[in-house]
Amino acid sequence: MKSVAAQEGKITMIESDIPKVQDHYLLVKTAHSVISTGTELSVIRSSRNRTAYLGYSAAGRVVECGKHTDPFSKGDLVACYGVPYVRHSQYLLVPKTLCCSVPDNVQAKEAAFAGVGAIAIHALRMTQLQFGESVVIAGLGVLGQIIAQISHACAYNVLPYEVNASRAELFQSVSKVAVSTTRETLEERIKEKTNGYGADAVLLCAGGGHSPLTNESLEWIRDKGKIVIVGDVEPDFNRSRMFGKEAQILISRAGGPGRYDPGYEKNAQDYPYAFVRWTEGRNMEEFLRLLSEHRIQVNDYLQESIPFEDIHEAYEELQQGKTGVLTKVIDYE
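Going by numbering that gives the first Met the number 0, the sequence shown opens with residue 0, and the numbers climb by one from there.
Take these hints with a grain of salt, some might be off.
Stated by the list, open to error - Dumping the calculated DSSO-like pairs for lysine-lysine here, alpha-carbon to alpha-carbon at most 30 Å: (1) LYS190 - LYS175; (2) LYS28 - LYS108; (3) LYS175 - LYS1; (4) LYS108 - LYS9; (5) LYS175 - LYS321; (6) LYS1 - LYS66; (7) LYS265 - LYS223; (8) LYS223 - LYS108; (9) LYS192 - LYS223; (10) LYS9 - LYS28.
Said to hold, decoys possible - Quick list of the computed label-pair ranges, beta carbon to beta carbon: (11) GLY323 - SER100: 33 to 41 Å; (12) LYS321 - GLN296: 25 to 33 Å; (13) THR184 - SER100: 36 to 44 Å.
What the hints contain is simulated information worked out from the structure, not anything from laboratory work. For each residue, glycine too, the CB sits at the ideal point set by N, CA and C.
Turn these sequences into a full structure, and let the hints guide you.
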């Protein structure tokens, strides 16, 4: 089988044997995987003197089940998520805790976004928002778009902010929610929608390292409000501004509880439902439910599908900024 990797800042295909199934694991033949543009371009840039496999969110058919993998069966369509088990590869060996059954009315291409969806859901859970509260989503890449859609579905008072006109227009067409494209417009809307108190939370979904968004976000929140760092933003907040509002600064880590825990992932030991309600696996399931019930949609982000064999050209376009799409979906069949 073939897998996509980065070496010395370049894309390469690595040949390997199809993995053998293990207890608690599913062997999945990949149908589609999603390129997470910001994350993967960062990995490519940092791939000096090492090999780094790319990708983390996919969907495909189960071709073999290890022991103790109920309720999964051979032939099931599943969504799966998480490095190092999920990558842009023709076959995947994935712990059952990182797999979810796909509802009948959700297409495989849509389900391939489940890993991205879990990250979006966990970031939103970090805010602990309640019905009717206000949230600024700064940055409408594919992750920010999904977070904003879910926020709207939850009936939060959603205040999206994106300076890129095409991304702003895309979200408005998907959700019918107005997007602020300038700081001045955003601040006017925050004042109007919150009666001058400020937003309950801000999610920073943009990338770029050091960013003016960090300290600007302190001006947008209410007293004791929350700021959640979702994108690749350095947390260089002004202390006096933080103190002035007693702001809570949080960093959202991937898809939720279980991520990076060998017990949950490698050993496929789920957390007790009563004690850890929303694991990364259950966040994936919730994302698929939202798709199935048409509360959110990703079809407008499926603007460009590429055959697995054309992967080099796809990354070249992304690296050189030759494409305006948010992401690309890889087709394996």
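Going down the list of hints, with the structure as the test:
no.	hint	result
1	LYS190 - LYS175	20 Å, holds
2	LYS28 - LYS108	14 Å, holds
3	LYS175 - LYS1	41 Å, violated
4	LYS108 - LYS9	26 Å, holds
5	LYS175 - LYS321	28 Å, holds
6	LYS1 - LYS66	26 Å, holds
7	LYS265 - LYS223	38 Å, violated
8	LYS223 - LYS108	40 Å, violated
9	LYS192 - LYS223	18 Å, holds
10	LYS9 - LYS28	26 Å, holds
11	GLY323 - SER100: 33 to 41 Å	34 Å, holds
12	LYS321 - GLN296: 25 to 33 Å	26 Å, holds
13	THR184 - SER100: 36 to 44 Å	43 Å, holds
The earlier numbered hints that this structure contradicts are 3, 7 and 8.
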